[in-house]
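Q: Using the sequences and the hints, build the whole thing.
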Amino acid sequence: MTAVATAPTSTIAPASAANTSYPAVERAAVDASARGPVLFLFGNGILWLMLATVLGLITSIQLFSPGFLADVPFLSYGRIWPAFTNTLSFGWCSLAGLGVTIWLLARLGRVQVKFGSVIITGAVFWQVGLTYGIASILLGKTTGLEGLEIPTGSAVLMLVGYLLIALWAFLLFSFRSQTAPFISVWYLVAALFWFPWSFIMAHAAHVLPNVTGVVQNLVAAWATQNFLNIWLTSIGLATAYYLIPKVVNRPVHSYNLAAIGFWSFIIFTGLTGAVRLSGGPIPAWIVTLSIASSIVLLVQIVTVTANLVLTMGGQYHMVYHSPTIRFTFFGAIAFTVSSVVGLLASLRSVDRLVHFTQFQNGQMQLVVYSFFSMVIFGAIYYILPRLVGCEWLSSSMISLHFWGSAYGGGLVAASLLVGGLLTGSALSSPESESHFIQVMDISTLLVIARIGGWLMLGAGHLVFGLHFLLMLLRIGQPGGEPTLFAPIGEEEKH
Amino acid sequence: MNRSTYLLAGIVGSFALSAFALVLVPQWQLGSLQPQFAEDEGKVTDIYPIENRGVVHAGRAVYISEGCVYCHSQQVRDEQNGSDLDRGWGVRRTVARDYMFDSPPLLGSSRIGPDLANVGSEKWRNEPVDENAEFKPAKRDATWQLLHLYAPTTIVKDSKMPPYRYLFEKRKISGQRSVEALNVPTEEGYEIVPKPDAKALVGYLLSLDKSHPLKEVKTAKPEVAAK
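Heads up: the sequence lines are chains A and B, in that order. Under this note's numbering, think of the first position of the first sequence as -7, with each following residue one higher. Under this note's numbering, think of the first position of the second sequence as -6, with each following residue one higher.
Source of the hints: derived by calculation from the structure; they are not laboratory data. Heads up, some of the hints might be wrong.
With a Cα cut of at most 27 angstroms, we get these calculated BS3-like pairs of lysine-lysine [what the hints assert, rightly or not]: (1) B:Lys150 - B:Lys132; (2) B:Lys129 - B:Lys192; (3) B:Lys192 - A:Lys133; (4) B:Lys36 - B:Lys211; (5) B:Lys163 - A:Lys133; (6) B:Lys188 - B:Lys129; (7) B:Lys192 - B:Lys163; (8) A:Lys133 - B:Lys188; (9) B:Lys208 - B:Lys116.
Each pair of labels, with its calculated beta carbon distance range [what the hints assert, rightly or not]: (10) B:Ser167 - A:Gly145: 36 to 46 angstroms; (11) B:Thr136 - A:His427: 20 to 30 angstroms; (12) A:Leu61 - B:Tyr(-1): 50 to 60 angstroms; (13) B:Thr136 - A:Trp395: 50 to 60 angstroms.
Using N, Cα and C, we set each Cβ at its ideal position, and we do this for glycine too.
A: Below you can see the structure in the form of structure tokens.
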């Protein structure tokens, strides 16, 4: 048997000696117990991804042609944009991320998911709340706080749903049959704990009467940062730390590096939120603290990157064979790139140029899409065959999805980053006499490029959605051998 | 203690640290802000800022509901942090006290359009209008604002702002033409008039003025700031 074919069924759970005997029967039972809830979370997440793609495309067209759909109140840019960001973050990212979380905790803890309907109920609550929230935004009823637009009533429903899912996840953690938790579990537990508290405090700060003025903005910025850089990043890294060793069939390079990376991450990321208000009307010490913490996070960027790259151990040919590795390793590299871009943007000298430009959205696009979503796609390619009992139908469809997502997402991010840098520098130069609108015209070509990026993303997502649907209908290759881009062994001969 | 106890303690501890530093301490520091009073012989002669009431309050709700905040910021940074003062978007940087009555403050994080922190200030209202535009009202007053909402590009050439025609209605002229009717071409016998939301929004925009001096921040001299 070849390396990749053995990898998924291999019993080498990354780097833990206690985990080496894990019979296939037991694994199959765990997968079977997780099937219902995980498929439900993935399937619904993908539906939200489709909606987010349509909304993202509309906003990108509106930035080029402001009159587009301007006469339909609920499709005007000021409402579509927050609907888009919330659909993407709370619909696609959170649901698909929770699906991966449940599966990973069950698999790593060697514990079956009991009463999976509780998780499904939780996901229903979450989505009823989210649907109501998105509809409210489109109808013009929002909190007015960026990143926290969903009205409090909807947020409460979402929270109830989340608590049901998270409770079940914590039970999987508590009843695990292994005592020493694997690296992925550290990140997942951190994510599950941080998200609700941050979400609750941010909404409370808006609702409580004695939290006045800019503290609301500060708490919203903090919660947004926590959402992106703790909730999504933790799940993304947990997934990468699981999948890369599994598929390349090597243990994680260093536990110590992983520990340094994790602890620096969890302690300092939570202090970086105020960089989003850099230069704004809040006391200067808060921003300084956040900038300093961003710089310390270089430790995490370096250790995590080194650890994942060394775990690959030079087996880069795997990205030609394994869809899981192609998506996941792309995501891992995007993690490094997005983190470095985020660090640079937090420095005062850079921030004064790029603050208020599209640069920040570009960095966000890197985190949410090129890093997190790509890793999650990799996980879905890995997990789904184990749940439905057949392998993906077509490697060309996976390939199409990859190119659409990698290049489309990259193009969207690059156009935002470059556009932000160009307009930011033009606005900042003291001798610039040019009118604001003439400055904005500099980035017109990039605005057009972004529409192209969204079209590519849309094509990739359509192919992916169709492929997922076929898997749900059990239309695929017979189970056993994973669907690869190229058979293993052939590539090495070249 | 086993390893997972350390793990959980560390995670809870890190959250507590984060919430303490970025939520609780700032709230203690800023939670008791008061407006600035100027007194003369025991009488209050000046209060800043004041609460949002009436049309300002209503217009603010429209601003939030239409998502203006996604393209327009309402904050002015000082020289070290950006070129806002050079661009004439204000005479001083904005500080926490400016926003103490706003729930939530509409600070904004993106500038696809210009900053609006001082869009209602006298200086801004008297600035020259766009010479290349189709319509050139003398001042940037309420009429200018309404026209700008209805058809941005007719008044600011190449504006990237979408037209907000749905905040206006086209109605048949009955008897005399309304004094509120916009000076734009439309079908014979009809006129374009602002709906209440448009009027409230313009009222709010014209109330935006953060040039009032505050003792905690230095105000630039007008000739330095003007450009």
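Q: Using the beta carbons of serine 167 of chain B and glycine 145 of chain A, state whether their distance is inside 36 to 46 angstroms or not.
A: holds, 42 angstroms
Q: Under the criterion that the straight-line Cα-Cα distance not exceed 27 angstroms, is the pair lysine 150 of chain B, lysine 132 of chain B satisfied?
A: Status holds; Cα separation ~16 angstroms.
Q: Would you mind confirming whether the straight-line C-alpha gap from lysine 36 of chain B to lysine 211 of chain B stays at or under 27 angstroms?
A: holds, 25 angstroms
Q: So if I understand the rule, the pair passes when the alpha-carbon distance is 27 angstroms or less; does lysine 129 of chain B with lysine 192 of chain B pass?
A: holds, 20 angstroms
Q: Would you check the hint for lysine 188 of chain B and lysine 129 of chain B, treating anything up to 27 angstroms between C-alpha atoms as holding?
A: holds, 23 angstroms
Q: Would the pair lysine 192 of chain B and lysine 163 of chain B pass a check requiring their Cα atoms to be no farther apart than 27 angstroms?
A: holds, 15 angstroms
Q: Using the beta carbons of threonine 136 of chain B and tryptophan 395 of chain A, state whether their distance is inside 50 to 60 angstroms or not.
A: holds, 53 angstroms
Q: Holds or violated: lysine 208 of chain B and lysine 116 of chain B, Cα atoms, limit 27 angstroms.
A: holds, 21 angstroms
Q: Does lysine 188 of chain B sit within 27 angstroms of lysine 133 of chain A, going by the straight-line distance between their CA atoms?
A: holds, 18 angstroms
Q: Within a Cα-Cα threshold of 27 angstroms, do lysine 192 of chain B and lysine 133 of chain A meet the stated pairing?
A: The hint holds at about 19 angstroms.
Q: Within a Cα-Cα threshold of 27 angstroms, do lysine 163 of chain B and lysine 133 of chain A meet the stated pairing?
A: holds, 25 angstroms
Q: Please check whether threonine 136 of chain B and histidine 427 of chain A have a Cβ separation lying inside 20 to 30 angstroms.
A: holds, 22 angstroms
In terms of the numbered hints stated before, the structure departs from none.
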